[in-house]
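Those sequence lines, one after another, are chains A and B. First residue of the first sequence: 1, per the numbering used here; consecutive thereafter. First residue of the second sequence: 1, per the numbering used here; consecutive thereafter.
Heads up, some of the hints might be wrong.
[What the hints assert, rightly or not] Here's a subset of chain A near chain B, in silico, CB distances under 7 Å, partners left out:
(1) S119
(2) R171
(3) L173
(4) S177
(5) F226
(6) A229
[Unchecked claim] When the alpha-carbon atoms are kept at most 30 Å apart in a straight line, the in silico DSS-like pairs for lysine-lysine are as follows:
(7) K152(B) x K83(B)
(8) K420(A) x K10(B)
(9) K116(A) x K209(A)
(10) K10(B) x K116(A)
(11) K298(A) x K83(B)
Read the hints as simulated data drawn from the structure, not as lab findings. Backbone N, C-alpha and C define an ideal beta-carbon position, used for all residues, glycine too.
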Amino acid sequence: MKVLDRSINAWQLGILIFILLFANKILVLPSLLFEGAKMESLFALLFLCACEFGLVVLFYFAKKKFPTQSFSKIVREHLGNITKIMFYFLIMIFFLAKAVLLYNVTYIFFRNLIYKDTSNFLILFCFLPIINHLAICGLRVLGRTTQIFFPIIFGILFFCIVVGVFGINNRPLFFSSSFMSILETGARHISPFGDMMFLFLIMDRVEIKKGQWKIIFSSTAISLLFVFAINLVFMLSYTFTCFMHPYAIFEIMSFVKEYGGLGRIDIISMVLIILLAYFHLTIYLKCFMLSFHEVFRKIDMIYSVLSFNFFFIIIVVFFIVNLESAIVFGQEILPYSIILPYAILPIILLICCIKNKNIKNDNFRKIIKNNKKDIKNMQKNANFNKKTTIFSKQIKKSIFLTLKKTNKNLYIFSKNITTKFKAKLKKVLIDLNLINSKNKILKLKKKEVFDFEKLNFKNYYSKIFMQKHFKICKRKREMSEVTK
Amino acid sequence: MKFFCQQLIKTPMLLVFVFMLIFYGIVAVAMPAEINQYAVVTAIGIDKAEEEENNEIYELTLLTFVPVAQQSFTEKYKLVNGKGRSVSEAMDIASLNIGREIGLSHLKMIVLSKEIVQEGVFKFLDYLIRDIQISSSTKIVTTDTLAKEFLKTAQKLDNESSIKVSEHILFNSEYIYSTESTLETFFKGEFGPTHVGLMACLSSKSSDEQTMPTAGSDLSNGSGGDGQQSSSAEEIITQCHVYVFKNEELVVMLGEREMKKVNFVLGDYSNGSIVVKNITDNHFNDANLTFEIFDNTISYHIVYQNGIPVVNIDTSLTLRLSEIEQESEPLQENVELYVVSQTVTNALEKKVRNSMADGINIMREHQVDIADFYTILHNNNPKAFHKFLDSLEDSDDYLNHIVFKVSVRIYEK
């Protein structure tokens, strides 16, 4: 089984953000927040939501600054390989810990309310194969799956909030907590936040066209608004008895069910919790995989899935076994890890912006990755050396720029190059602003001599470069003759 | 088949799905029915039993639903007892007695005996707060007899008629004479800033002792399931008081009339009636008029005068004349088109205003802020209110130092 990782578009990213922002925030958090700073805890929540939004804004600037680079490369180029490995190792642990917290809360919720006699293993058995499969299938599959489920999730969330509003029948006591207790509560319950760090892990796998940033920002804002609304409705519904109701989204539906006599309306919220749990765990696993790959570059990515499963099961089965330990873990240990998205990450980005190194474009690597099959065929049929393909890492931007300038055609050495592949490549190169629509991508037959005259290079460096890198064993002499 | 096997091997998720199907299928078939595993408890009664070795012993009575396979639908209920040093232990013993695990998901009512209530309710209710299965809308009531005896009456009612005792409280709470009495409302009050919780008190009485019947029993088998009281009624459930707790202790017991006065201040009702006596105007001659409440709105406006809060309570009532009692001949007027005269309106306003004043006096006398004026004043101006509280010798006695002004508006439906 191979890990596939194709890029996702702005809509898919927007939906992923929308879904991930609910992680660990709509079940236990509202009750804990109220316990800490009563109604004023909403200010703490507001601040934490703003921080989460800040991470998305940070991602926007990072993407603008380094449009095609991966975050790992940015870190490596500016801060060195060791820093990069250390940083990614911490991210790995961060997402594993988040997954553990989320799973525990969800599992205990279902065990307490429905599956009283269900063992941990049985629930793990329901979750792990599906999240593993979804994460292995890659980002694009995950993005498309979330696209399918998005209307259901959005609809249920909206329904829960609207129904919950009917349950508000209390007079809450405002301004009863001190500023310090608000701060303390915010700091104590910060662990469900910082999820938006995942954006930086998939930075190079996201294609955001001009004008599509509004999708990202609006989905983030709507999601955070929903989180805030759920917290508000829950607190206004239960006020002083919030501590008796640990599962907010379920309880706001339950309140209406019990007092409005609307049958088992609360089941709708359970469907939502299940769906969200699957997607949250998958995203966490994906983040773990990506960071694992950066730490252990030589190990196949599939082992990251196995490692995640191994550590996840060990922690869930032996260490964090009940809601109490999960809450202690979330309140006492996990908050320290939050310095990763809210302190280390911005500092790293700041250093990178100050150093401002010109990083080599590694989008060609991405092209190769995304079109591995086609390229493999090309290499096989054309009998070329790996280094001699036009998609090799060493290829220079200047070649394309010259092509663009002179409106010449780009020749690719291949026998079986498909039209689809040519179109795709052209689209990518146009997006990267390396060629324009006038440049054609043509197939260079095996026996043809590469005609440098056609290209009419004015740039001497490029000419030399072409001579150097477009060496084909059999035609070496011919080519050199032409260039002479 | 070969193709299917190949596809199965190629698609690991399909393998997992098939495995889950087989695994869950077998588990589901092999598992006993939940109804044979759990005793579905619909009501719990908590009494105090005699002490054993200087340990307090509690007696738990569980009203359990027993499903019986029959052609016609009949609900059968059974009473189970359990004694223990704590509610938790008594629950275990009751579980042993019935031979099934106690399932509290369908719990509708908790009954506390008077003795238990006078001791302080929280130590008995703590178990119930912690049990996640218990719904927050579970009714909580006290009884002037033993909870065990009360549940026996409830069992009869539940077995023999369509009336559920737990539904009494829900129904009664809409009336001006009573209050909502659920775990949620009780704890909201007790954990709120005023620490005042209300609990309804139900009593089981023989029909000849009855004063204000709310439900009948011993209905004709199968045919009279509509809740009508028959002439041969043996025992009935009546609401006698509303118990007011402050800081876990029972402070005062309010009767129906007193509760009505307090409810006028709370505005927490949707049904009820108001009687004005000795009305003489163009239409009536020394008549007693009864008005039915259709709608009510209440608002509180606060101003501070010399650091003392003045609470203006504005209430609007929409009423409908429902009964006329007068010595002379009956009134021959279209009942729908009858317009209430100013004299009647004034009498009604005076009556409601006096009731509200009495309600405030009840709260003042017992220092129980049932209407939660604390929150209203705090939210209005926290700084001024806390300054006012600091200026008092006994800050708990703030109700006696607040000035209340009541204005009533009467509208005719």
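Quick rundown of the hints versus the structure:
Annotation: interface hint on S119(A) violated; nearest CB of chain B at approximately 11 Å, more than 7 Å. Taken as an interface hint, R171(A) checks out: its beta carbon lies about 5 Å from the nearest beta carbon of chain B, inside 7 Å. For L173(A), the shortest C-beta to C-beta distance to chain B is roughly 5 Å, which falls under 7 Å, so the interface hint holds. A hinted interface residue such as S177(A) counts as satisfied when its beta carbon comes closer than 7 Å to some beta carbon of chain B; here the least separation is about 11 Å, so the hint is violated.
Here the hint on F226(A) is broken, as its CB sits about 24 Å from the closest CB of chain B, past 7 Å. Restraint check, A229(A) versus chain B: the minimum CB separation of about 21 Å is more than 7 Å; hint violated. As the CA atoms of K152(B) and K83(B) are separated by approximately 17 Å, the hinted pair is consistent with the 30 Å bound. Distance check on the hinted pair: K420(A) and K10(B) sit about 27 Å apart at the alpha-carbon level, within 30 Å; holds.
Distance restraint check for K116(A) and K209(A): the Cα-Cα separation of roughly 49 Å exceeds the 30 Å cut-off, and the hinted pair is therefore not satisfied. Only pairs whose Cα atoms come within 30 Å are accepted, and K10(B) paired with K116(A) is rejected, the gap being roughly 36 Å. The suggested pairing of K298(A) with K83(B) is violated, with an alpha-carbon distance near 66 Å, which exceeds 30 Å.
In terms of the numbered hints stated before, the structure departs from hints 1, 4, 5, 6, 9, 10, 11, listed from lowest to highest.
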